[in-house]
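> Next come the chains, spelled out residue by residue.
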Amino acid sequence: GQNIDQPTEMTATEGAIVQINCTYQTSGFNGLFWYQQHAGEAPTFLSYNVLDGLEEKGRFSSFLSRSKGYSYLLLKELQMKDSASYLCAVRDYDYKLSFGAGTTVTVRA
Amino acid sequence: NAGVTQTPKFRILKIGQSMTLQCTQDMNHNYMYWYRQDPGMGLKLIYYSVGAGITDKGEVPNGYNVSRSTTEDFPLRLELAAPSQTSVYFCASRTDRGPPTEAFFGQGTRLTVV
Chain A
21 GQNIDQPTEM TATEGAIVQI NCTYQTSGFN GLFWYQQHAG EAPTFLSYNV LDGLEEKGRF
81 SSFLSRSKGY SYLLLKELQM KDSASYLCAV RDYDYKLSFG AGTTVTVRA
Chain B
68 NAGVTQTPKF RILKIGQSMT LQCTQDMNHN YMYWYRQDPG MGLKLIYYSV GAGITDKGEV
128 PNGYNVSRST TEDFPLRLEL AAPSQTSVYF CASRTDRGPP TEAFFGQGTR LTVV
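Which chain is which? The protein sequence lines are A and B, in order. Under our numbering, read the first sequence as residues 21 to 129, first letter to last. Under our numbering, read the second sequence as residues 68 to 181, first letter to last.
To be clear, the hints were calculated from the coordinates, so they are not data collected in a lab. The structure displayed is predicted, hence computed values, not measured ones. We put the CB at the ideal spot given by N, CA and C, even for glycine. The reader is advised that the hints may include incorrect statements.
Below, in silico cross-link-like pairs of lysine to any residue (SDA-like), each with a Cα-Cα straight-line distance of 20 Å or less [said to hold, decoys possible]:
| id | chain 1 | residue 1 | chain 2 | residue 2 |
| --- | --- | --- | --- | --- |
| 1 | A | LYS96 | A | THR31 |
| 2 | B | LYS111 | A | ILE37 |
| 3 | B | LYS81 | B | THR168 |
| 4 | A | LYS96 | A | GLY73 |
| 5 | A | LYS77 | B | THR168 |
| 6 | B | LYS111 | A | ALA121 |
| 7 | B | LYS111 | A | PRO27 |
| 8 | B | LYS111 | A | GLY51 |
| 9 | B | LYS111 | A | TYR113 |
| 10 | B | LYS111 | A | LYS96 |
| 11 | B | LYS111 | A | ALA62 |
| 12 | B | LYS111 | A | ASN50 |
| 13 | B | LYS111 | A | ALA59 |
| 14 | B | LYS124 | A | ASN23 |
| 15 | B | LYS111 | A | TYR115 |
| 16 | A | LYS96 | A | PHE49 |
| 17 | B | LYS76 | B | THR87 |
| 18 | A | LYS101 | A | GLN39 |
| 19 | B | LYS124 | A | LEU94 |
| 20 | A | LYS101 | A | ALA36 |
| 21 | B | LYS124 | A | ASP114 |
| 22 | B | LYS111 | A | THR64 |
| 23 | B | LYS111 | A | GLN56 |
| 24 | B | LYS111 | A | ASN23 |
| 25 | B | LYS111 | A | GLN22 |
| 26 | B | LYS124 | A | LYS96 |
| 27 | B | LYS111 | A | GLY73 |
| 28 | B | LYS111 | A | THR43 |
Incomplete in silico selection of chain A near chain B, CB under 10 Å [said to hold, decoys possible]:
| id | residue |
| --- | --- |
| 29 | GLU61 |
| 30 | LEU66 |
| 31 | GLY78 |
| 32 | ARG111 |
| 33 | TYR113 |
With beta-carbon atoms standing in for the labels, derived distance ranges [to be verified]:
| id | chain 1 | residue 1 | chain 2 | residue 2 | range |
| --- | --- | --- | --- | --- | --- |
| 34 | A | GLN99 | B | MET94 | 26 to 36 Å |
| 35 | B | ASP105 | A | ASP114 | 18 to 28 Å |
| 36 | B | THR168 | A | SER85 | 11 to 21 Å |
Produce the complete structure using the sequences and hints provided.
Printed below as a string of structure tokens:
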């Protein structure tokens with residue numbers, strides 16, 4: 021099975037940078053995903069890592085180290101609309117997609 | 068583009084009643100998933116399917132059943148509803164044939180069991 025850990029809450033100021041860490045223990049690994057979820061809405065895809073290293077998409081970047089079972093999501097130039105829950109998810113060899121509990125990010129003016 | 072469609076959006080059930088949550092996708096995706104999300108929590112996998120006629124249990128399958136008779140539809144059945152099944156239910160789908168590799172989610176069904 022999967023064990024996925026991420027912090028419960030983080031607070032940052034508009035314009036700042038926030039890094040959300042995710043550690044996982046898995047019986048098989050076939051990719052790591054980050055999703056954003058605003059309150060009362062469905063999760064939406066942000067990023068995907070299957071190889072070690074950094075993937076950059078505009079203000080959002082995601083990093084993966086498979087040997088350490090570790091990923092982070094970096095949010096730069098924070099905007100008020102970035103206030104949301106960020107979910108780390110791991111896909112295993114059976115193609116199950118398992119989620120962490122999510123990190124609620126609050127952006128303050 | 069409809070994507071993943073869930074019905075109903077909201078439902079109140081009495082203890083012991085049964086219902087089916089509908090999920091359909093028009094992207095010809097083989098993989099489909101059902102999750103539940105309790106307040107302030109992440110998503111827990113109930114059942115998933117890798118193609119028509121194939122289903123498998125996730126983390127929390129007890130109290131639920133699924134079927135996958137077509138590629139498009141993946142209904143979730145609740146028998147004998149219990150208050151512990153009060154949650155938001157999300158259906159998701161993804162392709163197994165190259166990018167995009169991420170799962171696409173429906174808008175959710177908010178279920179309350181009283």
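> If a hint holds in the structure, say so; if it does not, say that too.
We went through each hint and held it up to the structure:
no. : hint                            : verdict
1   : A:LYS96 / A:THR31               : holds, 13 Å
2   : B:LYS111 / A:ILE37              : violated, 29 Å
3   : B:LYS81 / B:THR168              : violated, 39 Å
4   : A:LYS96 / A:GLY73               : holds, 18 Å
5   : A:LYS77 / B:THR168              : holds, 16 Å
6   : B:LYS111 / A:ALA121             : holds, 9 Å
7   : B:LYS111 / A:PRO27              : holds, 17 Å
8   : B:LYS111 / A:GLY51              : holds, 18 Å
9   : B:LYS111 / A:TYR113             : holds, 18 Å
10  : B:LYS111 / A:LYS96              : violated, 29 Å
11  : B:LYS111 / A:ALA62              : holds, 14 Å
12  : B:LYS111 / A:ASN50              : holds, 18 Å
13  : B:LYS111 / A:ALA59              : holds, 17 Å
14  : B:LYS124 / A:ASN23              : holds, 17 Å
15  : B:LYS111 / A:TYR115             : holds, 15 Å
16  : A:LYS96 / A:PHE49               : violated, 28 Å
17  : B:LYS76 / B:THR87               : holds, 12 Å
18  : A:LYS101 / A:GLN39              : holds, 16 Å
19  : B:LYS124 / A:LEU94              : violated, 33 Å
20  : A:LYS101 / A:ALA36              : holds, 13 Å
21  : B:LYS124 / A:ASP114             : holds, 11 Å
22  : B:LYS111 / A:THR64              : holds, 16 Å
23  : B:LYS111 / A:GLN56              : holds, 16 Å
24  : B:LYS111 / A:ASN23              : holds, 12 Å
25  : B:LYS111 / A:GLN22              : holds, 11 Å
26  : B:LYS124 / A:LYS96              : violated, 38 Å
27  : B:LYS111 / A:GLY73              : violated, 28 Å
28  : B:LYS111 / A:THR43              : holds, 17 Å
29  : GLU61                           : holds, 7 Å
30  : LEU66                           : holds, 9 Å
31  : GLY78                           : violated, 16 Å
32  : ARG111                          : holds, 9 Å
33  : TYR113                          : violated, 12 Å
34  : A:GLN99 / B:MET94: 26 to 36 Å   : holds, 30 Å
35  : B:ASP105 / A:ASP114: 18 to 28 Å : holds, 24 Å
36  : B:THR168 / A:SER85: 11 to 21 Å  : holds, 20 Å
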